[in-house]
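Protein chains: 2
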Amino acid sequence: MKVTVEVVLMISLGSNTFAPITPVWVVGTYDHDGKPNVMTAAWAGICCSKPPCVYVSLRKATYTYGNLMERRAFTISFPSEAYVKEADYFGLASGRDSDKFSTTGLTAMRSDLVDAPYVKEFPVVLECKVIKIVEIGLHTEFIGEILDVKADPTVLDKNKMPDLERVKPLVCSLENMSYRKVGEHIGKAFSIGKDVGK
Amino acid sequence: MKVTVEVVLMISLGSNTFAPITPVWVVGTYDHDGKPNVMTAAWAGICCSKPPCVYVSLRKATYTYGNLMERRAFTISFPSEAYVKEADYFGLASGRDSDKFSTTGLTAMRSDLVDAPYVKEFPVVLECKVIKIVEIGLHTEFIGEILDVKADPTVLDKNKMPDLERVKPLVCSLENMSYRKVGEHIGKAFSIGKDVGK
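Residue numbers (my numbering), protein chains in the order written: chain A, 1 to 198; chain B, 1 to 198.
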């Protein structure tokens with residue numbers, strides 16, 4: 001008698017960070033002298049619905065870290081595809097030795113709710129005040145309450161919600177060093193799984 | 001003299017959560033009786049590099065919340081496009097009144113490092129132990145140290161890294177209720193922005 005056993009071994013890649021896709025979110029802060037700064041963060045996301053909160057994790061070495069410790073406020077500006085170069089630059093340069101707004105020609109708008117600037121040319125923005133600072137290790141997590149979501153009216157759909165086809169957000173594969181568009185629709189959320197097992 | 005002033009007003013959408021794209025990550029836990037459970041979470045991401053950490057934010061009402069408080073361990077399994085229905089179902093059903101593995105026919109594999117199961121059919125997995133629990137509001141954030149990344153060898157590239165074209169991850173637009181593929185490459189990360197302002 002022959003017995004065939006299928007063995008598919010998962011390979012260990014070690015203790016490391018991995019995410020198939022990360023955000024490309026731009027964190028806006030003022031420095032000690034009031035100079036607006038922006039940096040691109042991949043380690044960011046929504047973390048609570050009531051109150052609505054977003055986090056960004058930063059190394060202490062970043063200029064934004066110092067700004068956040070002092071100002072306790074930030075914005076998140078979501079770049080659209082058209083600004084892929086600027087978004088990459090915002091992650092490469094440091095506000096310590098550059099004025100990233102003047103270099104790119106983009107416009108720093110002062111939030112009317114929090115002590116932080118956002119990028120006027122980006123279609124959707126979150127205005128946040130820091131409510132918790134969590135020390136994890138090399139990175140510190142800043143949790144911000146979202147006081148308002150602001151959007152360019154031209155990207156809203158008929159329900160006044162940001163329309164993905166108009167926002168055209170960027171995503172990133174860090175392992176593949178690749179910025180990507182968001183691709184085709186493959187299923188309706190909270191719906192396509194309803195019939196599973198029935 | 002005629003003066004034309006361009007005014008583009010950002011519209012306030014109110015204090016709310018918004019992210020153009022969220023992850024579609026599947027959190028694996030064991031319950032009190034050792035039954036494996038999975039739930040799909042959109043509010044999850046990497047939050048530290050040393051130690052490598054990932055977070056997931058959950059409401060106390062979820063079955064996974066209780067499992068995590070008891071077991072202090074979880075996995076993240078990243079579904080590929082082919083499993084969009086199962087991933088949606090994992091977010092719709094509760095482990096309190098269903099066995100999501102038997103319903104879908106997917107396989108619960110016991111992690112050899114942490115007290116949690118992962119989905120064998122999904123191409124990449126993180127094995128995590130809870131190192132911090134952060135109370136934010138309606139959601140509680142569980143921060144897990146990633147003890148290992150495991151991958152199906154068929155999705156690795158020549159550098160033994162997960163290849164985006166083979167992992168085929170899902171992303172979601174919650175506002176548009178739409179699961180999406182990851183789309184085309186539009187720039188090399190940490191590179192395309194180097195010449196900005198030069």
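Where hints are given, some of them may not hold.
Any copy will do: because identical chains look the same in the list, a pair fits if it lies in one copy or spans two.
Claimed, not checked - Straight-line distance between alpha carbons at most 25 Å, and here's what the computed SDA-like set of lysine to any residue pairs gives:
hint, residue 1, residue 2
1, LYS188, ILE11
2, LYS120, GLY105
3, LYS129, MET69
4, LYS132, SER49
5, LYS2, TYR65
6, LYS194, LEU106
7, LYS85, ASP152
8, LYS50, ILE131
9, LYS85, ASP112
10, LYS85, ASP195
11, LYS50, GLU121
12, LYS194, ASP115
13, LYS120, PRO153
14, LYS181, SER80
15, LYS120, THR107
16, LYS50, VAL134
17, LYS188, ARG59
18, LYS50, LEU156
19, LYS60, SER80
20, LYS85, ILE192
21, LYS168, LYS194
22, LYS181, ILE133
23, LYS129, GLU81
24, LYS2, ILE133
25, LYS160, MET109
26, LYS85, LYS188
27, LYS60, LYS132
28, LYS168, ARG59
29, LYS188, SER94
30, LYS120, ASN16
Source of the hints: derived by calculation from the structure; they are not laboratory data.
Each hint tested on the structure:
no.: 1; hint: LYS188 - ILE11; verdict: neither (33 Å within a copy, 27 Å between copies)
no.: 2; hint: LYS120 - GLY105; verdict: within (11 Å within a copy, 49 Å between copies)
no.: 3; hint: LYS129 - MET69; verdict: within (11 Å within a copy, 29 Å between copies)
no.: 4; hint: LYS132 - SER49; verdict: both (15 Å within a copy, 19 Å between copies)
no.: 5; hint: LYS2 - TYR65; verdict: neither (63 Å within a copy, 46 Å between copies)
no.: 6; hint: LYS194 - LEU106; verdict: between (45 Å within a copy, 16 Å between copies)
no.: 7; hint: LYS85 - ASP152; verdict: within (21 Å within a copy, 33 Å between copies)
no.: 8; hint: LYS50 - ILE131; verdict: both (13 Å within a copy, 23 Å between copies)
no.: 9; hint: LYS85 - ASP112; verdict: neither (28 Å within a copy, 42 Å between copies)
no.: 10; hint: LYS85 - ASP195; verdict: between (43 Å within a copy, 9 Å between copies)
no.: 11; hint: LYS50 - GLU121; verdict: neither (29 Å within a copy, 34 Å between copies)
no.: 12; hint: LYS194 - ASP115; verdict: neither (44 Å within a copy, 29 Å between copies)
no.: 13; hint: LYS120 - PRO153; verdict: within (13 Å within a copy, 44 Å between copies)
no.: 14; hint: LYS181 - SER80; verdict: both (9 Å within a copy, 17 Å between copies)
no.: 15; hint: LYS120 - THR107; verdict: within (5 Å within a copy, 48 Å between copies)
no.: 16; hint: LYS50 - VAL134; verdict: both (19 Å within a copy, 14 Å between copies)
no.: 17; hint: LYS188 - ARG59; verdict: between (37 Å within a copy, 23 Å between copies)
no.: 18; hint: LYS50 - LEU156; verdict: within (24 Å within a copy, 39 Å between copies)
no.: 19; hint: LYS60 - SER80; verdict: neither (28 Å within a copy, 35 Å between copies)
no.: 20; hint: LYS85 - ILE192; verdict: between (36 Å within a copy, 6 Å between copies)
no.: 21; hint: LYS168 - LYS194; verdict: between (28 Å within a copy, 22 Å between copies)
no.: 22; hint: LYS181 - ILE133; verdict: neither (32 Å within a copy, 34 Å between copies)
no.: 23; hint: LYS129 - GLU81; verdict: neither (27 Å within a copy, 36 Å between copies)
no.: 24; hint: LYS2 - ILE133; verdict: neither (60 Å within a copy, 51 Å between copies)
no.: 25; hint: LYS160 - MET109; verdict: within (22 Å within a copy, 44 Å between copies)
no.: 26; hint: LYS85 - LYS188; verdict: between (32 Å within a copy, 9 Å between copies)
no.: 27; hint: LYS60 - LYS132; verdict: both (16 Å within a copy, 19 Å between copies)
no.: 28; hint: LYS168 - ARG59; verdict: neither (28 Å within a copy, 30 Å between copies)
no.: 29; hint: LYS188 - SER94; verdict: between (40 Å within a copy, 19 Å between copies)
no.: 30; hint: LYS120 - ASN16; verdict: between (36 Å within a copy, 20 Å between copies)
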